[in-house]
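**Student:** Produce the complete structure using the sequences and hints provided.
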Amino acid sequence: MRANLTLFQRLVPGARRAPTYDFPGGVHPAEHKSVSNQTPIAPGPRPAQLVLPLNMHLGAPARPIVTVGDRVLKGQMLAEPAGAVSAALHAPTSGTVVALGPRPIQHPSGMDALCIVLEPDGEDRWAERRPVADHTRLGPGKLIALLRDAGVAGLGGAGFPTSVKVNLGDHQRVEQLIINAVECEPYITADDRLMRERADEIVLGIQILQYLLNPHDTLIGIEDNKPDAIAALRAACADSDVEIRVVPTKYPSGGEKQLIQLLTGKEVPSGSIPAQCGVVCQNVGTAWAVKRAVHDGEPLLSRVTTVTGDAVARPGNYEVWLGTPVADLLRHAGVDKDRLGRLVMGGPMMGFTLHDPSVPVVKTSNCIIAASAEELPEPPPEQACIRCGACAEVCPANLLPQQLYWYAKTDDFERAQHHNLMDCIECGACAYVCPSHIPLVQYYRYAKGEIRTQTAEQIKADRARERFEARQARLEREQAEKEARRRARLEANRKKQEAATESGAGDEKLAALKKEVGQASSAYKAAVKAAKTAEAQEADNAAELRARADSLKAEADRAKAALRDAKATAPAPAAAPAESSALADLKKAVGEASSAYKAAVKAAKHAEAEETDDAAELRARADQLKAEADRLKAELRDAKAAQGPAAPPAAPAPSTQDSGTSPEKPADTPSVANTAVDEQAAGKRQKRLKGLKTAYNMAHKQYKEAHAAVERAERAGQDSDEALAAMHAKVEKLKAKADHCRDALDALVEQAKADILAHTGKDLKTLKLDAARAESALRDKADELERRRDTSDADTLETLNSELDALQEHAQLTRLALKTAVEEQGLVEE
Amino acid sequence: MSLINAPSPHTSRHTDTGAVMRQVVYATLPGLAALVWQFGLGSLLNVLWAVLVALVCEALFLRARGKPVAFYLKDWSAVVTAVLLGLALPPTAPWWLTLIGVGFAIVVAKQLYGGLGMNPFNPAMIGYVLLLISFPVAMTQWIAPGDAPAPADSLALFLGQAPADAFTGATPLDTFRTWAGDAEALAGRDILAGELAGPGWEAVNLAFLLGGLYLLARRIITWQIPVAFLAGLALPALIAHQVDAARFAGPLFHLFSGGAMLGAFFIATDPVSAATSRLGRFIYALLIGLLIWVIRTFGGYPDAVAFAVLLLNLSAPFIDYYTQPRAYGHRKANKGANP
Amino acid sequence: MTTVLIAIAALLGLAALFGAVLGYASEKFKVEGDPIVEQIDALLPQTQCGQCGHPGCRPYAEAIAEGEEHNRCPPGGETTVEALADLLGREVLPLDNEGAEDASVERVAYIREDECIGCTKCIQACPVDAIVGAAKQMHTVIADECTGCDLCVDPCPVDCIDMIERPVTLATWTWDRPAGIGRRPEQRIEVVNL
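Protein chains in written order, with this note's numbering: chain A, 1 to 830; chain B, 1001 to 1339; chain C, 2001 to 2194.
Simulated from the structure, these hints should not be mistaken for laboratory data.
Errors might be hidden in some of the hints.
Unchecked claim - When the alpha-carbon atoms are kept at most 16 Å apart in a straight line, the in silico EDC-like pairs for lysine to aspartate or glutamate are as follows:
id, chain 1, residue 1, chain 2, residue 2
1, A, K515, A, D557
2, A, K690, C, D2154
3, A, K704, C, E2165
As the list claims (entries may be wrong) - Not close to chain B: a few residues of chain A, all C-beta gaps over 12 Å, as computed:
id, residue
4, G83
5, D112
6, A236
7, I369
8, P396
9, R489
10, E555
11, A589
12, K626
13, Q702
14, E705
15, A738
We put the CB at the ideal spot given by N, CA and C, even for glycine.
**Tutor:** Encoded structure:
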């Protein structure tokens, strides 16, 4: 297209005018610009409080560097840019920081965000300013840093930090710098007035941008409905290389992509930024802010905002401090509260309705429309789409709005994306012309939001999968490592024994015997364990298992005896180890016997408490075991004495050390076997508990919300007393409801806990603590074992091992007890 | 004090689907007047009756579907369907014929598909084709141009109390079909006695053209469909007429006979059942025109607007599939509806 | 008789020929699809919550591929059931979520830190390692990584873990779906502070 035009220009003399292009679609809404562009820019109000949101711009919110109570001067930085895409925030006037907290901000959701609240002191005292007379001497790097610290962001609408936009890599060449002076939305005249009154400053700002970007051409795009502004710019640009391009009035020619197409014929590829096709777009107001920041040393403290609409008495443009609440601005312009029907921040095509007039004016607020209900009437109800295609006729992005509408309506987001939903600029031209009054833009925003949410969820799911798989891999690796260590240990033990046998000229028979003993005793242990589990679960084969365990025990004893014999007959050098091993055996026996005794005592006690028949029997058995343990202890003492000082320092016998956490045997676990609980009742209670919990959560949530609402209302202080009282009453009611639910829930839980106490002799907390303690004791022991594995000798290890086993069993039991107790009482959800 | 909380845009062009439909109805008035002038009161009676039937059927079915009746009746789409079908029916049509046609159009072709905006076929044409197939004799009896029956006779015809064949004669399209190839016979039947085409019909078609131009001027319809429709009809006629004038009628004859203008400006432009993109609409209407010429020339029916429109309604999604515009910032246009 | 034989022979010959061609084509143009387990796994929400009775999403994906019912994923909700039915060409079954909480609300685990005794049980239970802490030290949940599976709630011996709803933030807020045909898109807002 461009090539054709240049050819045309070459052939036809006098046709050397700027090439003009067009973009598809567009609409011509009523302009309403004369409402506000008749008077010069007037100073804005001096509000009692300035509310400065930390995210006035696009990107990461700024990081506050002041605290409540700080006195600040005009132009002093209040928050610094946080991250690459961010802008600083300054005090628009001198005063005191009175709060740092959530306030309603400029967002269509009407949600709150973190703001710095500044109370002006009325003195308007400046902090030190550092004007730079000649920006070329500063160099681009420092200039960009200056813009970043001055908080300059796009004043056109999106608020993209200017320092980021002008900071292009060396490889990126800028062919066109486009200054957007189009201001295509109806009603808005802020840029119009700015250009009429401050054209010189704007051109200086443009020159700074030119210096930073070094473009081939600099074009100012301006609509032909602003003749005065065009004349002012022409005069200011007379001796510069800035070219003014007047474009026909059509909405949305001020859209960045549309303006680029209008002036250069280029299209910004989908999903990329203008810089990628050699174009940088800046708003005319931004150029002004750049000039102020550099030449006057003034950070971005105020902006020109149009206040317009039927409901204000003095429509016009005001130079407003950032952070000024819209309510103050409206009062300043003489708002008629009774005529006000709709309050819009931004233009009528793309602006959003304000939920709360205490929202502040920020860097991007170019217009406040206080419209009467007749001026911007209520939208009529949505009608059926008749596929008239009017929307496709006006779409500047050449999309098929109607298809997008059907897809958004049926949640067919995949197809919507395929039809380039994401290229929609939400200009509103389609909804403007729709004869069926379909809120098309809202459908697209809804679909876009859903797509973003889904994408985020997908990313999260992928990360969860990765983490899960990584965890599985880690667990497997740990398992493998443990296995490897165990093998290595066995191997080492075997070698050691072999070495001992060889050096002591002992025969292999001893080693074989030892091995046999080890095997037999571990087989026995396993069998005992199996039997215990079976008993706990009241399996049928418990008796059989028990019998098997007994026979194994016998075998183990036999093996032990054989080993002792062999040791006794072994040659002298081997005697010492044999001696010590016998000692270890003894120790172990003592440990076992003593724990068996303790368990038996406990069981007996329990049985007595329950007044079961076999209490006496159990008691007798306990006595017997006690005797056995005593005997073994005595034996051990003897053996130690016989061995004398040469004996290795034995670890304290388990029986003494572990008395506190001595294992309980399953047969007499408190809660498992003896308590018979009505399962039906438990189930019922479980259901009821769950229901109550949900009810409580709901009530509590409602209460909290209501409470927050009341607080907000009180802070706002504009509600009537009755309304506040009504809200309070509501809050009280909700609180009562929540309390009631909580009480009922507590009562039920208490009841369940009491039942547990009745059944197990322990309350829930104790059970839980028991379980937790057992668990951590177990872990400690395991750690100790691990630590000492390589440094300690065999029988310390064995002692530790046996302790560990005991602990493990104990932990299992406590866990089981807790679980059973909890389940029985339907407290699983707790 | 409460304010309106609405999404952007906060202003609109203040058009309304009902208003659009009303404009369409107004634009048919010249055509209706011409029909009454040439063929008597029958068309007017049929149109009024059709509107009444359509509104009652629509209301009953909206009620049955649990939709707000008044809200949907306000869109005037049932009225448009009824008016178009009433205009397309022969002026001799008795009341029951209209009742069946309109009832079927509203209930089956529109409401059973989900109401306005959901119907794949033009409801008026579905009703017309149903009648044409079910009652071929009644549907092809037209009054000879200039022989307009007296108002009393028209009423009698409408009430089914007078035999239609007492008033009917061959239309120019019928005559041409019968005598095509015989130049002398055609000349003797003065079917080209009018300025542009056969007498009577040229007036009716001119009147519909007038209404259509009004719709274009009001931007209710875009130029693509009528222009492509008429081009698709006239171009093959022109070529064939050059080849053998006795066998093939000329382009003017085709453009100003039968339902050509009604079809081009009022029926093919029904947005619900047409293709949606600009290029798609052009292709859509071009094919309708071509199909009308083919059926008129080689087919079994003297006129073919209804069949051609329905066939292309069927292909509209297919046309849309291949004619999506290239979106801003994309190098190629999308093809197809699926990712 | 011969005609019949000729016909049979011709048909057999053709059958053999086409069979050979088809066989060759199916080998030559074989579609290398994703293994079905991968595709199923991609549709599951990856909360790893185990509510389907499998230890994690992937094992469930494998089970579905082997014929298990595809409606046992409460966090995925009806949409996942539909997507799976679509992928597998099976019927859309009603979601089997007896007693499960409403899946549409996203939740995150929260440890009341002053009550935590540092037992590390929740850390062991977390399928995605989203809880940090050490023995006898306070634990905390990495909220961004938490899938809301609530597997950590039961093991906690002192009940200090709550599942709380994820609050809507400015970053996660989205526009509502418009009300639909016959409705006005607006609501009224009470204006205070003016």
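**Student:** Minimum Cβ separation between A/E555 and chain B greater than 12 Å?
**Tutor:** A/E555 clear of chain B: closest Cβ-Cβ about 72 Å, beyond 12 Å.
**Student:** Given the hint that A/K515 pairs with A/D557, does the C-alpha gap stay at or below 16 Å?
**Tutor:** 13 Å, holds
**Student:** Check the non-interface label on A/I369: least C-beta distance to chain B beyond 12 Å or not.
**Tutor:** 8 Å, violated
**Student:** Minimum C-beta separation from A/A589 to chain B exceeding 12 Å: can you confirm that?
**Tutor:** 75 Å, holds
**Student:** When you look at the beta carbon of A/E705, is every beta carbon of chain B farther off than 12 Å?
**Tutor:** 19 Å, holds
**Student:** A/A236: least C-beta distance to chain B exceeds 12 Å?
**Tutor:** Correct as stated: the minimum Cβ-Cβ distance to chain B is 33 Å, above 12 Å.
**Student:** Within 16 Å, alpha carbon to alpha carbon, are A/K704 and C/E2165?
**Tutor:** 14 Å, holds
**Student:** So is A/R489 really clear of chain B, every C-beta pair being over 12 Å apart?
**Tutor:** Label holds. Min Cβ-Cβ 59 Å, cutoff 12 Å.
**Student:** Is the nearest CB of chain B more than 12 Å from the CB of A/P396?
**Tutor:** 7 Å, violated
**Student:** Taking 16 Å as the top limit, are the C-alpha atoms of A/K690 and C/D2154 close enough?
**Tutor:** 14 Å, holds
**Student:** Holds or violated: is the Cβ of A/Q702 farther than 12 Å from all Cβ atoms of chain B?
**Tutor:** 23 Å, holds
**Student:** Going by Cβ atoms, does A/G83 stay more than 12 Å from chain B at every point?
**Tutor:** About 28 Å separates A/G83 from the closest Cβ of chain B, which puts it past 12 Å; holds.
The structure is inconsistent with the numbered hints 7 and 8, although it conforms to all the rest.
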